[in-house]
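Novice: Chains as they are written, first to last, in our numbering: chain C, 1 to 511; chain B, 1 to 100; chain U, 1 to 296.
Careful, some of the hints might be misleading.
To be verified - Straight-line alpha carbon distances no greater than 25 angstroms define the calculated DMTMM-like cross-link-like pairs of lysine to aspartate or glutamate that follow:
#1 C:Lys-57 x C:Asp-80
#2 C:Lys-261 x U:Glu-283
#3 B:Lys-47 x B:Glu-22
#4 C:Lys-248 x U:Glu-202
#5 B:Lys-47 x C:Glu-476
What the hints assert, rightly or not - Just a few of them, taken from the derived set where beta-carbon distance is under 7 angstroms, the chain C residues facing chain B:
#6 Asp-388
#7 Val-390
#8 Gly-417
#9 Arg-418
#10 Gly-480
#11 Pro-482
#12 Ala-483
Rather than coming from a laboratory, the hints here were simulated on the basis of the structure. Each residue gets a CB set at the ideal place from its N, CA and C atoms; glycine is no exception.
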Amino acid sequence: MIDFDSIPRIKEVSACHGVYDANNCERKNVDRFDDRQKHSVKVLPSIEEAVRRSGLKDGMTVSFHHHFRNGDYIVNMVMDVIAKMGIKNLTVAASSLTDCHWPLIEHIKNGVITHIETSGLRGKLAEAVSHGLMDFPVIFRSHGGRAAAIESGELHIDVAFLGAPSCDPYGNANGYNRDSEEGSCCGSLGYAKLDALYADQCVIITDHLVSFPNTPFGIPESQVEYVVVVDNIGDPKGIMSGATRFTKNPKELLIANYATKAIEASGYFEDNFSMQMGSGGASLAVARFLRERMIEKDIKCRFALGGITGQIVQMHEEGLVKKILDVQSFDLIAANSLKNNRFHQQIDASYYASYANSGAAVSQLDFVILSALEVDTDFNVNVMTGSDGVIRGAVGGHPDAAAGASMTVVVCPLLRGRIPTICSHVNTICTPGRTVDVVVTDQGIAVNPLRPELYERFAAAGLPVTTIEKLHERAEKIAGIPAPIEYTDRIVGVLMYRDNTVLDVIRQVKD
Amino acid sequence: MEIISTGVAGTMESSDIIVRIEPKDTEGIELTLESAVMQQYGKQIKKVIVETLEGLGVTRAYVDAVDKGALDCTVAARTLAAAYRGAQSTDFVWDGGAEK
Amino acid sequence: MSKLRRSMLFVPGNNPGMIRDAHIYGSDSIMFDLEDSVSVTEKDAARFLVYKALTKLHYGKKELVVRINDLSSDLGIADLEAIVRAQPDVIRLPKTDSARDVIECEREIERIEREVGIPVGKTGMMAAIESANGVLNAKEIAFSSKRLIGIALGAEDYVTDLKTTRSPEGVELMFARSMIVNAAKAAGIMALDTVYSDVNNEEGFMAEATLIRKMGFDGKSVINPRQIAPLHAVFTPSEKDLKKARAIMEAIAEANARGSGVASLNGKMIDKPVVARAQYLLEMAERAKTITVEEV
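Make the full structure from the sequences, and use the hints.
Specialist: See below:
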C-alpha cells in the first residue's frame, strides 16, 4: 500500500488525483472498435439536446460559418430550435450570412436575435436591415478582423454550431467526405476552425457520420463537445458549383488582360512570387493569363492564397503553383484538390488574415486581385452596399488582403449598366484607399499616387495608365452625374476595419 | 406630331429602355417610368423623354417607360422611334451633327 | 498609307450596350451596322440609335464607319439621310455589284452634304463586294470614287452566290480575295477582308488572318472583341522586317541630311514605295506596342 501523505510535497503536484485503486476503475471496453464508436457519448439525438447540454442561455453569443454559402441549412435549423426553446436576446456571430438566411428576420422581430456580427448580408435580410429592422447596428468585420477579435477573447463565442459534410463520433470534422462521393462537400472549413478552437462549446452538425478516425480533419475532436446527425446540412447545389466557369465576357477579358500586363510590369512577377485571386470573372481570367506568362517566362508561384478555384488547382497540378493555402474552396475542383493534394493546405481565418498574427498569409502576398462595387477618387473601395445604398455584399477578406499585399489590384468595369463604378465618394468604405495601389478598368488603369514607381513601370510598358480623377470624369461624361442616395440619420450597420476600429457606418435608406 | 396609335420601341436588354407611347385625348404628357437606376437618374431620364417629345411637337400622349440603365442618347433614340411609330410617320427630321 | 485599319469591329446597330462600349476594345475602326444584324422591323429604331450615338457619344479619335442598307430599297436612302448628317468618317455600302452602285450612293451623299452644309467630299466611303458579279467588277468599283478608302469582301453572301459554303481553308474565297486585293492596290486604296464567324475557333481565325495578311489585305472585320488582339498580333511586323525598315528610314534621313534626294541601302537605291512600306511597318509596330485607350 502506498502511503499517499508520506510522499514529500505530493500535495504541491498538480494533476494528481490520489492513489490508484483497481477496484474503483471501470471495466475495460472489449467491444470491437467498430461497435464501440457507436456508443460515443458526444453524439446527441437532436439539436435541441445539444442546445440544452451546451448551456445556452438568454443573452449569449452563438456562431456559425458560411462555407455552405447559399445552400446552408444550419443557421435556420439551429435558430428555429433555439427560438422554440424560448431562449432570447442572442447575438449571432456568423462568419457571414447570405440570401438563404432570410428566416432570421422573424427571430429578430421576436427578440430571439438582438444583435448580429457578420462579414456580409444579402437578400431579404440585408434589405430589412437596411430599412431599419434592428436597433443594435449590425457589426461587419473582415475575416481577419473577426479572427483577431475571437483570438483576443473580445468576441466571445458561447456556443458554435458548425455544419460539416463529414464527422466521426468523436468530433473529427471535415469539409468533404473521404468515404464516398455522396452528399455535400464544401472543401476547406477555414472559418469554422477558429470558432471550434475558441468557442466555449462546439457542436458539429453533420449528415455524414463516418467511422473514426475521420482523417485528415479540418476540426479535431479535442475542440468538439457534441455531434448531432441531421438528414441534410445543406443543398449541395447551393453549397458549390462543379467548376467555376471561365468568362467569355469580352469586357471582363479586356480588364483581365490589362491586369495581367500590369502585374507583369509591376516588378512583383518574379520567380517564387505569392498571389491571391478572387473568384470573379475578371480575376479568374487573370489567373489563366498569368499561367501562360509563367510558362513562357519559366516563373513559379511559391503560394496561392485565399478562396481557391479550379484554376489555381490546375496550376498547382502543373507544378506552376507550389503550395495552396485554402481558407475557403470556391468550387468542387478545389474541394477535391484539398482532399487529394498534399500541398493544398487547409488554413484557418487567423492564419489567413488576422492582423494580430505576424505570420498571417495575407501579409506575405506579393499581389492580390480584388473586385469592387465602387471605387472613389481616394481609392476607397465599397464591396458592401449597392448603388441604391442597400446592403448586398460582404467585406470578406478584402481589406485584409489589400492591407497585406505589396500590390493590391482592384479590377472593375468603369460603369455597371449606367452606374459609374468610379465615383467621388463610395457609399460605404470597406477597404481604405491607402491600401489600394492599382485600379484596372476597361477604360484605363489608375495608380494610387502613393505608388509613383508603379505608375512609371506601367507607363514604360505601354499600358493605358491615367489618374483616378480622369477615370471618374470619363465615367460621368458617359453616364451623367448620378443623384446621391438618400439616407436617414439612423445607423443600421458599422464597418469595422481589420484592426477593429470603426471605419464607416451604414445608414438606413429612405423609403 | 400627333400620336394616333400605340408605338413601342426598345428592348429589355441591359443598357436599353422600352418606351411605349399611346394616344391621349387631353393636353399634356403623362409619363410613368420604372428604372433600375431610378434614384440616380430617374429625373434625368424623364427630362430626356419629355424634351424629346417636345422637340417633335408631341403635346398629348401617355408614355410608359421601363429602363434598364440606358444612356441619355438611347433614351432619346427609343423615344423618337416610339413616337414616329405611334404617329405612323416616316417623315424623319434629322437635326444634323451640329449639336456634337 | 498612314491610317491603320487592321481591325474593324462590327457593332449591331440596335444594341445600345455594344454601341456604348464599342471603343474600349482597341480596334482601329468601329463599324455600326444598320444592315444584316438589324431585323426588318427594327431598321428605324436602329437608325435613331446609331444617329444618336454618333452625335452624342464620344469615341475619341476612333475611325467610325456605318454600314447602311443597300440603295435598292428605301431603307438605304433613309439611312443616308440620317447618317450623313451624323458625320461618321466612312459610310460602308453593302452588296456593291458595279461602279454605278458606288456612284449612285456618292450622288446621294453629295446631295445631303450640300443640303446640310457639310464640305462636299468629307464623307468617306467603302464598298463591300458580296457577289460573283461584284468580284468581276472589283477593278471598276475600286476606281469609281475618290471617296473610297477601301473595298471589302463580304463572304457570306458571296459564297451563297457561288452556291458553295465557307470552308476552314477558304479555298472558295481565293479568287475573290485575289481580285479584291489586286483591284484595291491598283487604285491605291485599302483591301479589307470579311468576318470570321466561329468566334471560339481562335486557331482557325489566326490561320485566316495570317493568310489574308500575306495576300496583301490591310485588315479584317471582326464580330467579337476577342478577335482583335490575335488579329493585331498577326499584323505586328516581325523583328527582322522592322530592322530592315529602320535601316531604310535611317538611310533616308542620312540622305536628307546630306541634302541628297537619292538614298541607297547596301548599294541599292531606295524607291518611294519602299519608303512608304517601311513607314507603314514601323507605324504598325508602334501601334502594336502601346495600348491606347481613347481620350473621350
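Novice: Would the hint linking Lys-47 of chain B and Glu-476 of chain C be met if the CA-CA limit is 25 angstroms?
Specialist: OK: Lys-47 of chain B and Glu-476 of chain C at ~18 angstroms, within 25 angstroms.
Novice: Can you verify the interface hint for Gly-480 of chain C: is its Cβ closer than 7 angstroms to any Cβ in chain B?
Specialist: 6 angstroms, holds
Novice: Using the nearest Cβ pair, does Asp-388 of chain C come within less than 7 angstroms of chain B?
Specialist: This interface hint holds because 6 angstroms falls under the 7 angstroms limit.
Novice: Measure nothing beyond the straight line between the CA atoms of Lys-47 of chain B and Glu-22 of chain B; if it is 25 angstroms or shorter, mark the hint as holding.
Specialist: 18 angstroms, holds
Novice: Under the criterion of a CB-CB separation shorter than 7 angstroms, is Ala-483 of chain C in contact with chain B as hinted?
Specialist: Hint on Ala-483 of chain C: holds, closest Cβ of chain B at ~5 angstroms, below 7 angstroms.
Novice: With 7 angstroms as the cut and Cβ atoms as the points, is Val-390 of chain C at the interface with chain B?
Specialist: Violated. Min distance 10 angstroms.
Novice: Let's test the interface hint: is any C-beta of chain B closer than 7 angstroms to that of Gly-417 of chain C?
Specialist: 3 angstroms, holds
Novice: Hey, Lys-248 of chain C versus Glu-202 of chain U, does the alpha-carbon distance stay inside 25 angstroms?
Specialist: Distance of about 13 angstroms is within 25 angstroms: holds.
Novice: Compare the distance between the alpha carbons of Lys-57 of chain C and Asp-80 of chain C with 25 angstroms, and conclude whether the hinted pair is satisfied.
Specialist: 15 angstroms, holds
Novice: Is Lys-261 of chain C within 25 angstroms of Glu-283 of chain U, Cα to Cα?
Specialist: Within the cut-off at roughly 22 angstroms; holds.
Novice: Regarding the hint that Pro-482 of chain C lies at the interface with chain B, is the smallest CB-CB distance below 7 angstroms?
Specialist: Result: holds, 3 angstroms to nearest chain B Cβ.
Novice: Go through the hint on Arg-418 of chain C and say holds or violated, using the shortest Cβ distance to chain B against 7 angstroms.
Specialist: This interface hint holds because 4 angstroms falls under the 7 angstroms limit.
Violated hint: 7 only; the structure is consistent with all others.
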